[in-house]
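Enquirer: Here the structure of chain B is known, so what remains is to put chain H in place on it, guided by the hints.
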Amino acid sequence: MTSLEIEPNTILVRYNVEKEKSMSPAEAAEELYPKDELIRPIAEAIFEGEEDDVVDGLQKAIDAGKDPIALIDDALMVGMGVVSKLYDEGVIFLPNVMMSADAMLEGIEFCKSKSSTAPVAKGKVVCHVAEGDVHDIGKSIVVALLRANGFDVVDLGRDVPVDEVVEAVKAEKPMMLTGTALMTTTMFAFKAVNDRLLEAGIKIPFQCGGGAVNQDFVSQYELGVYGEEAADAPKMAQAILEGKDLDALKKQFHTH
Amino acid sequence: MAINRYTKMAYASADDMIFGNATAPVKAGLGLEIGGGYTVPEVNYAPRPEAGATKEKLVEEYERITRDIMARMVQIGAPAVVLETEHVQQMTNNPTWGGEVAAAQKAIMEDYHDEYGIKCALRHTPGDIREDRDYLQLRGDKYDVLMESFEEVASNGADLLSIETMGGKEVSDYAILRNDIAGMLFAIGYLGTTDMDMIWQDITKIAKKNNVISAGDTDCSEANTAMFIAGGLLDKNLAHTLAIIARAISAARSLAAYEAGAVGPGKDCGYENTIVKSIAGVPIAQEGKTSTCAHSDVMGNLVMQCCDLWSNESVEYHGEFGGTTVQCWSESLAYDCALMNVALETGNAKVLRDMMVLSDKYRDPQGYILAYDNAYKVGEAIVKDANDIYLRAKNAAVECVNLLTNADPKLQMTRFEKNALKDAKEALDGLTDDTDQFVSDCLETYKAEVKVFRPENYDL
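Just so you know, the protein sequences line up as chains B and H, in that order.
So in our numbering, spot 90 of the first sequence is number 180, and the numbers just go up one at a time.
So in our numbering, spot 195 of the second sequence is number 1279, and the numbers just go up one at a time.
Extracted from the complex, chain B is given alone in its bound form:
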């Protein structure tokens, strides 16, 4: 190497170092855990992403007389709420959310197996990857974040034919549809889905994002709302729950 050397601070700024929160994730979570001694271990296990500990905690709570289905909202979602809040605040990162979501799903299945009644979700969302496109990591993140925020997700997978998307929307009657695509050549399927839904008289928000998808493209069809980040999916679903219509969603999420 030549003798060139620099003082990096004169040419770049590590904003992430400067802005890092002073509180550690564990300290931040500590402040948010519920006080109930049966519920708290479950919430902690969700935060830690420890599936076995989640199930152990649930079993103890059920043995102590708690209703399995009520535990979904009262314990699992509370724990996941801590995770979502700290993710939104930038205290924890996505892999923590993914591992917590895995643990939560395991917990929900356990609760369902212990009861004859079905849980009630905040709302249902159908998710898919565009026809012709097999790149699904973005969709996997969207699904995990929606579930982490208490939404029931029907995951159609990847490379989903337009017909199948439309049929699923008719059958499931979701509050929102999401579509992800990596390639410019496959994202055109979103327009076809939009047109087919409108033909069927269905007007639900259709959140589109991923890879080459941009706001200009999504703005070209009536039901389309651009999702720039995977984390926009639960925010959009929440906004719909709060009564926002398509125009209001576009106003909120079309920021470019």
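These are computed hints drawn from the structure, not numbers from a lab.
Warning: the hint list may mix true and false statements.
Lysine to aspartate or glutamate pairs mimicking EDC-like chemistry, simulated, CA-CA at most 20 angstroms apart [to be verified]:
no.: 1; chain 1: B; residue 1: 293; chain 2: B; residue 2: 257
no.: 2; chain 1: B; residue 1: 325; chain 2: H; residue 2: 1319
no.: 3; chain 1: H; residue 1: 1535; chain 2: B; residue 2: 192
no.: 4; chain 1: H; residue 1: 1502; chain 2: B; residue 2: 110
no.: 5; chain 1: B; residue 1: 111; chain 2: H; residue 2: 1319
no.: 6; chain 1: H; residue 1: 1494; chain 2: B; residue 2: 110
no.: 7; chain 1: H; residue 1: 1531; chain 2: B; residue 2: 141
no.: 8; chain 1: B; residue 1: 281; chain 2: H; residue 2: 1134
no.: 9; chain 1: B; residue 1: 325; chain 2: B; residue 2: 335
no.: 10; chain 1: H; residue 1: 1502; chain 2: B; residue 2: 117
no.: 11; chain 1: H; residue 1: 1506; chain 2: B; residue 2: 117
no.: 12; chain 1: H; residue 1: 1502; chain 2: B; residue 2: 138
no.: 13; chain 1: H; residue 1: 1535; chain 2: B; residue 2: 245
no.: 14; chain 1: H; residue 1: 1535; chain 2: B; residue 2: 196
no.: 15; chain 1: H; residue 1: 1535; chain 2: B; residue 2: 199
no.: 16; chain 1: B; residue 1: 109; chain 2: H; residue 2: 1319
no.: 17; chain 1: H; residue 1: 1494; chain 2: B; residue 2: 108
no.: 18; chain 1: B; residue 1: 111; chain 2: B; residue 2: 121
Covered by chain H, according to a simulated footprint, are these stretches of chain B (three or more residues, beta-carbon under 8 angstroms) [what the hints assert, rightly or not]:
no.: 19; stretch: 100-109
no.: 20; stretch: 174-185
Quick caveat, the model's predicted, so the values are computed rather than measured.
For glycine and all other residues, C-beta sits at the position ideal for the given N, C-alpha and C.
Expert: Below, chain H alone, put in the same frame as chain B:
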């Protein structure tokens, strides 16, 4: 074809590595010698979505793109250019489509070469179509179609053959989202390399038969996925320390193409290519500040350090104020190459290289490791256990972790990045050195955890 692992470095020291020069330069296309003492722009592009409707529309779109680039290169006096056509899926699924596009492009390039003497070559990169809706299908019918696609483009004008293979991606996607170091090693280092060993022997056979170049691969599907999820400084999706560990592992994987007969130039989006070049001495394509049309990174200047081809990754073909996109971006690339070539001519290449490195070396842990001095050390760790595809990948990860743990204090890291690094070190320390045991453990784990993982794709 046999697999010949690299057991030593191509360069005696990191300082010997420089842009525009490879220890094993490659003659290709119409008068080019890549890595032979000068850098060359490599222009990448994507057709407008509506052009994919029919074969005729697609061929016409690529003709327009090719003419636009060649015309602009001549207008500004660029001495050389490489064009890369990354297939849209229709072109690979219908092999004759890709062949017709290659023939149409090459005819235009030959006209320009004949009239102006501009040196040029055409790279074709079929899509890795080896999957169905639910699973990777790395072997079987789709493999045959893919090989047919290579045959068609090679016999119709493509000078350089490349692909971005996806072996291991199903496990990698799972592992990256869960901070799972063992999973990254298994996916990228073991499964990815296993797949590369197979496919690159066959691509090389086709290249030899058609007297064209078996060029190289990139770990786009895994290490770039990690890099993109990691994102910018403020993104909260993946620690950048983990993204660069995935990248270090990927060098052991992308190297496999050259061990199976490829000769370079490696693919542009392989940010691991400096490590690969340090071992194999092959010419490499790179992209950075000129690929902002496609994506953002945090090492836009640094990655030029040892490039032989300088690329823009991909840009959709449409109009801009300064011409079509391919004209604007090819011009930017050509001026970057002119500057590097002036540095080479005037004996200032190492100064320019080190200025580019210092621009980004302390911007992010990823740039720190990919800076050629550290990249070389990762390369040395890989060749130490050259013949064991698990151990060499593990070595790369360990060296990356050690370099970051003992980094120059000028590289500031967040507590989060440091904690992720510490966790990664613990995970690596806990891994066996027994390859058979590692593979056996991973098979058990990921068959259970990753529903779409099919060991038979890797002959396991």
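Enquirer: Each of the hints needs a verdict: does it hold here or not?
Expert: How the hints compare with the structure:
This hinted pair checks out: residue 293 of chain B and residue 257 of chain B have alpha carbons roughly 14 angstroms apart, not beyond 20 angstroms. At roughly 17 angstroms between alpha-carbon atoms, residue 325 of chain B and residue 1319 of chain H fall within 20 angstroms of each other, so this suggested pair holds. Using a Cα cut-off of 20 angstroms, the hinted pair residue 1535 of chain H and residue 192 of chain B holds, with the two alpha carbons roughly 14 angstroms apart. Taking the CA atoms of residue 1502 of chain H and residue 110 of chain B, the gap is near 12 angstroms; set against the 20 angstroms cutoff, the hint holds.
Pair hint residue 111 of chain B plus residue 1319 of chain H holds up; C-alpha atoms about 14 angstroms apart against a cutoff of 20 angstroms. Restraint check for residue 1494 of chain H and residue 110 of chain B: satisfied, since their Cα atoms lie roughly 18 angstroms apart, inside the 20 angstroms limit. For the hint linking residue 1531 of chain H to residue 141 of chain B, the alpha-carbon distance of about 18 angstroms falls within 20 angstroms, and the restraint holds. Between residue 281 of chain B and residue 1134 of chain H the alpha-carbon distance is near 12 angstroms, which keeps this suggested pair within the 20 angstroms criterion.
A threshold of 20 angstroms between alpha carbons decides the hint, and for residue 325 of chain B with residue 335 of chain B the separation of about 14 angstroms falls inside it, so the pair holds. The hinted pair formed by residue 1502 of chain H and residue 117 of chain B meets the criterion: a straight-line CA distance of about 17 angstroms does not exceed 20 angstroms. Straight-line distance between C-alpha atoms of residue 1506 of chain H and residue 117 of chain B comes to about 19 angstroms, which keeps the hinted pair within the 20 angstroms bound. Of the supplied pair hints, the one linking residue 1502 of chain H and residue 138 of chain B holds, its CA atoms being roughly 19 angstroms apart against a limit of 20 angstroms.
Restraint check: the Cα-Cα separation between residue 1535 of chain H and residue 245 of chain B comes to about 14 angstroms, which is no more than 20 angstroms; the hinted pair holds. Between residue 1535 of chain H and residue 196 of chain B the CA atoms are separated by roughly 15 angstroms; this keeps the pair inside 20 angstroms, and the hint holds. A hinted pair counts as satisfied when its Cα atoms are at most 20 angstroms apart, and residue 1535 of chain H with residue 199 of chain B qualifies at roughly 17 angstroms. For the hint pairing residue 109 of chain B with residue 1319 of chain H, the CA-to-CA distance comes to about 12 angstroms; that is within 20 angstroms, so the pair holds.
This hinted pair checks out: residue 1494 of chain H and residue 108 of chain B have alpha carbons roughly 14 angstroms apart, not beyond 20 angstroms. Taken as a hint, the residue 111 of chain B and residue 121 of chain B pair is honoured in the structure, with Cα atoms around 15 angstroms apart against an allowance of 20 angstroms. Against chain H, the stretch 100-109 of chain B contributes 7 residues with a C-beta closer than 8 angstroms to a partner C-beta. That satisfies the three-residue criterion, and the hint holds. With 6 residues having a Cβ less than 8 angstroms from any Cβ of chain H, the stretch 174-185 of chain B passes the three-residue criterion, so the hint holds.
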